[in-house]
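J.: Given next are the chains, with one letter for each unit.
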Amino acid sequence: SQKIEQNSEALNIQEGKTATLTCNYTNYSPAYLQWYRQDPGRGPVFLLLIRENEKEKRKERLKVTFDTTLKQSLFHITASQPADSATYLCALRDTGGFKTIFGAGTRLFVKA
Amino acid sequence: DTGVSQDPRHKITKRGQNVTFRCDPISEHNRLYWYRQTLGQGPEFLTYFQNEAQLEKSRLLSDRFSAERPKGSFSTLEIQRTEQGDSAMYLCASSLTGGSYEQYFGPGTRLTVT
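Order-wise, the sequence lines are chains A and B.
Under the working numbering, the letters of the first sequence match residues 866 to 977, in that order.
Under the working numbering, the letters of the second sequence match residues 187 to 300, in that order.
The reader is advised that the hints may include incorrect statements.
Said to hold, decoys possible - Okay, derived cross-link-like pairs now, DSS-like style, lysine-lysine, Cα gap no bigger than 25 Å in a straight line:
{"hint": "1", "chain 1": "A", "residue 1": "Lys964", "chain 2": "A", "residue 2": "Lys922"}
{"hint": "2", "chain 1": "B", "residue 1": "Lys243", "chain 2": "A", "residue 2": "Lys868"}
{"hint": "3", "chain 1": "A", "residue 1": "Lys936", "chain 2": "A", "residue 2": "Lys868"}
{"hint": "4", "chain 1": "A", "residue 1": "Lys924", "chain 2": "A", "residue 2": "Lys936"}
{"hint": "5", "chain 1": "B", "residue 1": "Lys257", "chain 2": "A", "residue 2": "Lys964"}
{"hint": "6", "chain 1": "A", "residue 1": "Lys882", "chain 2": "A", "residue 2": "Lys922"}
{"hint": "7", "chain 1": "B", "residue 1": "Lys200", "chain 2": "A", "residue 2": "Lys964"}
I should point out that these hints are in silico values taken from the structure, not numbers from a laboratory.
Small disclaimer: the values here were computed from a predicted structure and weren't measured.
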């Protein structure tokens with residue numbers, strides 16, 4: 866069956882450390898993968914997109930990797946801040962369609 | 187343009203009633219998506235429009251759900267004969283065609299069915 870999985874347990878880290886979140890997928894062949902941030906009671910906000918032919922993408926303190934062999938994407942936030950506390954969602958678009966499939970998200974807490 | 191807007195923000199209805207939600211996407215965006223999100227889950231795809239054409243609809247969506255985008259601008263999502271299991275946040279998102287796949291989400295409509 867097709868699945869997209871993120872760590873269901875919340876991630877607690879200390880301010881200044883690097884947060885690493887994982888997204889694994891099964892039985893999809895996505896052309897690209899996206900990461901979104903969602904704060905409670907609000908809609909998701911787009912952060913980064915990485916294509917299947919890209920290994921790594923960076924934007925300010927954010928870095929995303931995409932390994933199509935492992936079927937995994939890693940999302941890193943360096944020098945984390947309490948304001949980074951939120952739920953982070955990964956999403957992919959299945960080939961041949963328009964549907965975007967989201968993972969359940971990982972809740973990140975950054976302690977001062 | 188300030189982004190995607192949705193109306194109402196909250197809706198409480200009794201089981202069996204019909205409800206309609208509206209989404210106004212970013213004006214130049216021709217792609218529009220509807221999602222449903224429950225607590226602790228990611229957004230679940232419901233349907234997709236490109237301009238006024240509804241190009242994909244989730245198989246999970248029962249016949250009680252219908253969506254329209256009559257002039258390729260705003261969209262409505264109607265739920266008929268609501269059930270308690272329909273209680274969720276309903277999110278709308280829009281994006282541009284032409285290689286840009288990032289979706290801009292609205293604030294959502296929270297539906298509570300009593």
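J.: All hints, please: hold or fail.
T.: We went through each hint and held it up to the structure:
no. : hint                   : verdict
1   : A/Lys964 with A/Lys922 : holds (23 Å)
2   : B/Lys243 with A/Lys868 : holds (19 Å)
3   : A/Lys936 with A/Lys868 : holds (11 Å)
4   : A/Lys924 with A/Lys936 : holds (22 Å)
5   : B/Lys257 with A/Lys964 : holds (22 Å)
6   : A/Lys882 with A/Lys922 : holds (19 Å)
7   : B/Lys200 with A/Lys964 : violated (31 Å)
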